[in-house]
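Asks: Note that the protein sequences, when read in sequence, are chains X and F.
If you count the first sequence from 1, position 231 lands on 231 in UniProt numbering, and the numbers rise without skipping.
If you count the second sequence from 1, position 138 lands on 138 in UniProt numbering, and the numbers rise without skipping.
These aren't lab readings, by the way, just hints derived from the structure by calculation.
The reader is advised that the hints may include incorrect statements.
The list cannot tell twin chains apart, which means a pair is met if one copy fits it or any two copies do.
As the list claims (entries may be wrong) - DMTMM-like, lysine to aspartate or glutamate: derived pairs with alpha carbons at most 20 Å apart: (1) K79 x D386; (2) K82 x E160; (3) K284 x D188; (4) K284 x D69; (5) K408 x E574; (6) K150 x E160; (7) K334 x D593; (8) K320 x D591; (9) K320 x D593; (10) K334 x D175; (11) K273 x E74; (12) K149 x E389; (13) K336 x E169; (14) K424 x E64; (15) K70 x D208; (16) K470 x D497.
Number of protein chains: 2
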Amino acid sequence: MPSYNPPLRDMQFVLHEVFNVAEDFKQMPAYAEVDADTINAVLEEGGKFASQVIQPLNISGDTEGCTLDKATHEVTPPKGYKEAYQQYIEGGWPALSCDPEYGGQGLPATINGCFYEMLNAANQAWTMYPGLSHGAYEALLAHGTDWQKKVYLPKLVSGEWTGTMCLTEPHCGTDLGLLRTKAEPDGDSYLISGEKIFISAGEHNMVDNIVHLVLARLPDAPAGSKGISLFAVPKFNVDENGTIGERNGIYCAGLEHKMGIHSNATAQLVLDKARGTLIGQPNKGLQAMFVMMNAARLGVGNQSLGLTEVAFQNALAYAKDRIQMRSLSGVKAKDKPADPIIVHPDVRRMLLTAKAYAEGGRALSVYAGMLLDKEHHHPDEKVRKDSGEILALLTPIVKAFLTENGFKATVECQQVFGGHGYIKEWGMEQFVRDARINMIYEGTNTVQALDLLGRKVLGNQGATLKKFGKEIAVFIEAEGVNEKMAEFINPLAMLADQMTKFTTEIGFRGFQNADEVGAAAFDYMKVAGHLVFAYMFARMAQVALQKIAEGNTDPFYQGKLQTARFYFAKLFPETLTLMKTARNGVKVLLDTDAALA
Amino acid sequence: MPSYNPPLRDMQFVLHEVFNVAEDFKQMPAYAEVDADTINAVLEEGGKFASQVIQPLNISGDTEGCTLDKATHEVTPPKGYKEAYQQYIEGGWPALSCDPEYGGQGLPATINGCFYEMLNAANQAWTMYPGLSHGAYEALLAHGTDWQKKVYLPKLVSGEWTGTMCLTEPHCGTDLGLLRTKAEPDGDSYLISGEKIFISAGEHNMVDNIVHLVLARLPDAPAGSKGISLFAVPKFNVDENGTIGERNGIYCAGLEHKMGIHSNATAQLVLDKARGTLIGQPNKGLQAMFVMMNAARLGVGNQSLGLTEVAFQNALAYAKDRIQMRSLSGVKAKDKPADPIIVHPDVRRMLLTAKAYAEGGRALSVYAGMLLDKEHHHPDEKVRKDSGEILALLTPIVKAFLTENGFKATVECQQVFGGHGYIKEWGMEQFVRDARINMIYEGTNTVQALDLLGRKVLGNQGATLKKFGKEIAVFIEAEGVNEKMAEFINPLAMLADQMTKFTTEIGFRGFQNADEVGAAAFDYMKVAGHLVFAYMFARMAQVALQKIAEGNTDPFYQGKLQTARFYFAKLFPETLTLMKTARNGVKVLLDTDAALA
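Based on the sequences and whatever the hints tell you, model everything.
Replies: In structure tokens form, the structure reads like this:
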């Protein structure tokens with residue numbers, strides 16, 4: 001069975017040494033008291049919960065799955081899940097980054113993100129129960145009526161109730177404009193009928209009530225995505241004191257049989273005149289839902305980050321323990337009948353791939369988290385605005401690049417185990433199966449890539465990209481004189497430079513034929529991901545070099561430099577191919593009717 | 001549920017139009033009668049068996065898995081498997097490419113390979129039962145005693161009995177030198193004791209007897225891989241007439257719980273003084289087993305080829321059927337509320353990736369199959385020798401490159417389905433899970449890469465590579481004057497040229513430090529794979545262009561050109577990155593003790 005050690009040292013490095021988050025928090029009135037000690041203490045406790053409470057349930061939960069009682073429509077998660085959730089509530093964890101007005105602890109999103117990385121590493125499927133609740137909390141906080149906030153938020157913050165997001169229907173996922181679920185006005189509220197599928201944490205008996213956020217159409221709604229409204233539909237109706245009443249007409253009709261995340265109840269929900277209340281404005285449901293979606297997209301990147309880390313840790317331990325063959329350059333473990341497989345360069349390639357993806361991803365997640373905190377809490381309006389823009393640019397990168405990397409990393413780590421990697425008991429194959437969904441849900445990675453290139457980059461003629469590029473340029477300028485930084489700065493500077501030309505070129509093609517944008521988007525997203533990772537690794541290397549120069553002998557810093565060197569030598573060169581294939585254009589994709597007949 | 005149409009048209013194209021195999025067969029006495037009509041008829045019937053008999057069992061078999069009765073040690077495969085196997089025997093399929101002396105039909109390995117592609121596409125896990133038997137047949141045919149051949153071969157050829165290969169033990173897979181299973185002489189035979197794991201098709205009740213080929217050590221055997229012998233150990237002892245006697249001491253102690261290929265019984269076998277007979281010479285068991293292993297490695301490439309094809313077919317059908325969003329360049333399906341997703345360039349990229357991998361892989365499989373047939377049956381000794389050498393070079397490429405590609409292809413095809421791709425009922429996630437094992441077993445892809453670069457290429461100073469390169473050079477020379485071929489010939493010629501320099505450079509580094517070979521091997525294997533694929537696509541394009549020039553209007557030929565163009569524009573450029581990362585060397589992998597502490 002896999003084990004998990006919360007990567008607290010690396011989190012502290014990223015939070016305090018690279019980004020010095022406490023200094024930034026001091027400037028934000030809401031977080032002025034959040035110092036490094038508080039952060040470290042919270043993450044240490046959070047890491048204990050993750051590794052000691054939910055990690056031991058990961059394989060058993062996957063094996064057992066969820067059970068639907070078709071008579072009562074009730075879903076029972078695997079053994080131990082409810083008890084773990086109870087501990088989660090008792091620890092006050094649901095409230096970590098919530099608004100104190102509703103019972104929250106008021107910590108920054110960045111810290112919650114680090115906590116969630118550990119939960120995801122320990123048990124992604126379990127974590128989706130509170131994860132979806134937190135999304136529902138955010139959407140209601142931003143768009144809910146006073147009544148909804150009063151009734152729902154305290155329960156979501158305490159964790160006594162959970163939440164969901166109900167978007168997908170059998171015939172539409174990406175294209176929500178096609179959705180058919182209907183909402184009929186009935187007094188102050190609405191009666192909602194329709195069918196939803198793929199609803200994560202959609203039904204379970206771990207809590208007394210579930211608040212479903214449901215997209216549906218009003219009777220007079222315009223066709224397409226401009227006629228969609230958002231509703232809060234509780235499993236049990238509630239009065240204004242939050243007292244639970246009769247069962248509402250929203251039922252689990254079936255559980256999906258999935259490749260992974262077995263222990264999360266992915267529900268088919270039937271709404272039969274379920275009573276709900278409108279969230280936000282009529283026909284503006286997608287905008288309200290996007291509050292949740294954007295946070296969820298960062299959260300999905302975070303899921304893969306967690307899986308990358310835990311897969312790496314277990315592959316590393318196995319590679320040190322498993323002996324098989326001798327090193328090509330001569331016997332290394334003379335006292336053993338074979339060398340530990342970590343002596344083989346290709347095994348190290350696999351391990352370091354996962355390690356680099358984890359560390360680059362962690363830095364990016366924290367960086368994005370800080371943008372989110374600044375967007376909402378920085379006193380300076382310009383900082384808020386700039387942070388929001390750059391975060392919008394980075395969100396599809398966090399979602400798509402981290403989930404692509406996470407899948408590759410879990411596959412590489414599984415490969416380290418040889419045949420044992422294919423066996424369930426070792427747990428490595430579960431990481432692969434769980435990681436696979438992250439490339440699909442909350443907008444497929446193709447959708448993310450289109451969002452990045454079409455909307456976030458070309459949508460404002462590269463203005464946001466330039467803004468982000470300027471930050472990188474300042475760093476390059478400052479560190480360009482540091483000879484020891486050359487190996488990290490040079491490739492970063494080169495790609496930053498190429499990126500401008502590359503973007504212009506793709507933009508020009510797209511101007512002539514919009515399909516060129518679609519053809520280039522996926523490659524572009526990965527190139528942009530490498531630009532961001534190169535920046536993150538250069539910043540981390542800069543700190544490590546400085547610590548070493550100061551005489552710090554903690555091998556952590558040497559390790560960081562080694563990982564950065566590996567990244568630039570073995571992963572970053574992917575950009576060569578990606579820019580080439582993007583430039584090879586759309587023709588070979590679209591002039592293929594005979595091939596795809 | 002997925003469907004499967006045997007790709008007979010493309011097989012015929014590769015067999016007859018590209019390689020003109022019947023002409024080659026005419027020169028081989030054993031196959032002189034094997035003409036195109038015979039081949040086509042066999043494959044048509046074989047395709048029916050695959051698509052009509054075993055394909056419908058693929059999902060149900062995966063869901064049900066195998067059952068071990070711990071009291072009797074008997075294993076029952078899923079419902080329908082035994083009946084399908086019975087039909088397989090009745091159709092004479094096990095005998096297809098077997099020696100007529102033992103009841104075989106004497107068809108070429110190439111044709112059996114095409115048949116197996118269809119079986120693998122339809123149901124990889126089912127196909128492993130007869131597949132392992134065929135491997136056992138080949139090892140016994142090459143190295144068995146007269147008694148073994150007389151007793152075992154007719155039963156394996158008829159399919160009445162099946163076979164296995166028992167190599168792996170809990171502490172060793174790659175490094176068979178560590179194995180511990182012991183064989184004690186006892187009269188004319190041996191009593192074998194030990195523990196084996198991961199034994200595919202290792203126990204089942206579909207046949208009356210199973211012939212296990214078991215690696216074990218004789219009492220006086222030298223340590224390491226030079227002290228391993230191979231034994232035939234039947235489930236039930238047999239006399240010289242093949243009459244079944246008492247149960248032998250080889251028992252299934254457990255079935256592995258795996259990520260995929262659920263319906264194949266992957267057995268833990270305990271040998272407790274099981275009676276067996278020696279195959280080949282004492283202590284030369286690995287050589288005898290390698291007859292089986294080399295064939296099996298081609299077979300594993302073929303498994304991924306089959307999965308690539310079936311995943312492509314289903315993703316293509318889905319992409320035409322599923323409507324979601326509008327084309328970026330304007331509405332395409334005016335009569336529908338959204339366009340079929342095949343209008344999106346990125347969806348086409350995924351589909352064409354799988355199609356190109358399938359078609360390149362099929363051409364390579366047939367090409368390798370012909371080398372195998374020539375190696376064993378060509379009257380000219382030089383042809384036999386050259387064919388054997390080039391096949392030895394290509395075997396690790398077929399195994400590793402096709403399985404890497406197959407995994408990527410099944411993942412891309414799953415992605416085309418969006419959320420539905422994650423749901424078991426659609427069958428796409430099973431292709432991914434099944435394809436995953438192919439990168440691991442029969443020697444991990446790292447082992448294949450080392451075999452290719454270390455042994456097959458550098459082992460004879462690039463002599464075999466040069467021999468193969470000469471064949472490519474002749475083709476380039478002949479087609480270099482054909483202007484229409486330039487788009488295919490130019491990249492091929494460029495890579496062929498670079499490959500020489502690249503190989504020399506890596507060889508030189510390896511000469512200085514053997515670990516450089518280990519560091520470069522995986523990238524090198526993929527570059528070599530692209531060299532072979534580029535050659536295959538150029539040859540296929542050449543035939544297609546010729547047919548079109550002759551006035552043939554079958555859109556198949558346009559489709560072939562389109563796929564080739566896609567391959568060169570979007571997949572082939574991976575070589576840019578691979579050569580760069582290989583050249584970045586071993587230092588960033590090995591100087592990482594702090595990072596991997």
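Asks: State for each hint whether it applies.
Replies: Hint check results:
no., hint, result
1, K79 x D386, "neither (46 Å within a copy, 61 Å between copies)"
2, K82 x E160, "within (12 Å within a copy, 52 Å between copies)"
3, K284 x D188, "within (18 Å within a copy, 85 Å between copies)"
4, K284 x D69, "neither (36 Å within a copy, 59 Å between copies)"
5, K408 x E574, "both (13 Å within a copy, 16 Å between copies)"
6, K150 x E160, "within (14 Å within a copy, 73 Å between copies)"
7, K334 x D593, "between (61 Å within a copy, 19 Å between copies)"
8, K320 x D591, "between (50 Å within a copy, 16 Å between copies)"
9, K320 x D593, "between (51 Å within a copy, 12 Å between copies)"
10, K334 x D175, "between (61 Å within a copy, 16 Å between copies)"
11, K273 x E74, "within (19 Å within a copy, 53 Å between copies)"
12, K149 x E389, "neither (28 Å within a copy, 74 Å between copies)"
13, K336 x E169, "between (58 Å within a copy, 17 Å between copies)"
14, K424 x E64, "both (13 Å within a copy, 16 Å between copies)"
15, K70 x D208, "within (19 Å within a copy, 43 Å between copies)"
16, K470 x D497, "within (11 Å within a copy, 41 Å between copies)"
In summary, the structure is inconsistent with hints 1, 4 and 12 from the numbered list given earlier, while agreeing with the others.
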